[in-house]
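Chains as they are written, first to last, in the working numbering: chain U, 44 to 160; chain V, 4 to 119.
By construction, these hints were calculated from the structure, which means they are not laboratory data. These figures come from a predicted structure and were not determined experimentally. Even for Gly, the Cβ is constructed at its ideal location relative to N, Cα and C. One should not assume that every hint holds.
[As the list claims (entries may be wrong)] Among the chain V residues that face chain U by a calculated CB cut under 7 Å, a handful are:
hint	residue
1	H46
2	L47
3	L49
4	K52
5	G105
6	K106
7	F109
8	Q111
9	G112
[Claimed, not checked] Straight line, CA to CA, 30 Å or less: simulated DSS-like cross-link-like pairs of lysine-lysine:
hint	chain 1	residue 1	chain 2	residue 2
10	V	K72	V	K61
11	U	K100	V	K74
12	U	K100	V	K72
13	V	K64	V	K74
Each chain, written out:
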Amino acid sequence: KAGVTQTPRYLIKTRGQQVTLSCSPISGHRSVSWYQQTPGQGLQFLFEYFSETQRNKGNFPGRFSGRQFSNSRSEMNVSTLELGDSALYLCASRSASPGEIFFYGYTFGSGTRLTVV
Amino acid sequence: AQSVSQHNHHVILSEAASLELGCNYSYGGTVNLFWYVQYPGQHLQLLLKYFSGDPLVKGIKGFEAEFIKSKFSFNLRKPSVQWSDTAEYFCAVNALIYNQGGKLIFGQGTELSVKP
Chain U
44 KAGVTQTPRY
54 LIKTRGQQVT
64 LSCSPISGHR
74 SVSWYQQTPG
84 QGLQFLFEYF
94 SETQRNKGNF
104 PGRFSGRQFS
114 NSRSEMNVST
124 LELGDSALYL
134 CASRSASPGE
144 IFFYGYTFGS
154 GTRLTVV
Chain V
4 AQSVSQHNHH
14 VILSEAASLE
24 LGCNYSYGGT
34 VNLFWYVQYP
44 GQHLQLLLKY
54 FSGDPLVKGI
64 KGFEAEFIKS
74 KFSFNLRKPS
84 VQWSDTAEYF
94 CAVNALIYNQ
104 GGKLIFGQGT
114 ELSVKP
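Bound conformation, chain U alone (with noise of 0.2 Å):
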């Protein structure tokens, strides 16, 4: 199966903008995790889509966003960027069918480097 794919791989942008960043799951899996990567707060919980609805939500304000289309590919909003949303924004899906989670568990991306300027 080809890997979670995440687009783009890097990207520069300047405090007050908004960005949007697009995740491409394995092939069958319907669900799609969000997760912020930072040497400060590591690896925390944004939101979980099952199709194409928002089943979890972690503790973020409201400038971070997301969806999901129906054929699983999502993308994360954010919105009036700020110097702290720099990070490693990394995507993982799952089956979300208990037998398929037992095999494969969550498989992630490589990762969407956001540097905010």
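The hints should help you fit chain V onto chain U, whose structure is shown.
Leaving out everything else, chain V in the frame of chain U:
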């Protein structure tokens, strides 16, 4: 709220030394447990996972972990490390709560440096 604590921030070992990385979590219910590894410049990769059954689980590259429910621990071990094991290791917990299926709580990570 659930949390995960990894005991060591940075571990330095010589090749062939034994490794044990500690991980404790706080949640009294049923959990799924994971260890992920992130090699320099690469994405997170699953080392091993525990869902149920035998509390001693074996993963890739000679790693194993033991789930001790009474201690809320899931420590990672390897009998003999190699230089290629240099990486950051993350313990993660998925609490089996209704409608929280995809949420992983990660520890802060342990950076392992193996000297040749």
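Hints and how they fare:
1. H46: holds (4 Å)
2. L47: Nearest chain U Cβ about 4 Å off; hint holds.
3. L49: holds (5 Å)
4. K52: Given a least distance of 5 Å, the restraint on K52 of chain V holds.
5. G105: Cβ of G105 of chain V sits 4 Å from chain U, so the hint holds.
6. K106: holds (5 Å)
7. F109: The hint holds - F109 of chain V has a Cβ within 7 Å of chain U, the shortest such distance being about 4 Å.
8. Q111: Interface hint status for Q111 of chain V: holds (5 Å vs cutoff 7 Å).
9. G112: holds (6 Å)
10. V:K72 with V:K61: At roughly 17 Å apart (the allowed maximum being 30 Å), K61 of chain V and K72 of chain V satisfy the hint.
11. U:K100 with V:K74: Holds - the C-alpha atoms of K74 of chain V and K100 of chain U are around 29 Å apart, at most 30 Å.
12. U:K100 with V:K72: holds (27 Å)
13. V:K64 with V:K74: holds (26 Å)
Violated hints: none; the structure is consistent with every hint.
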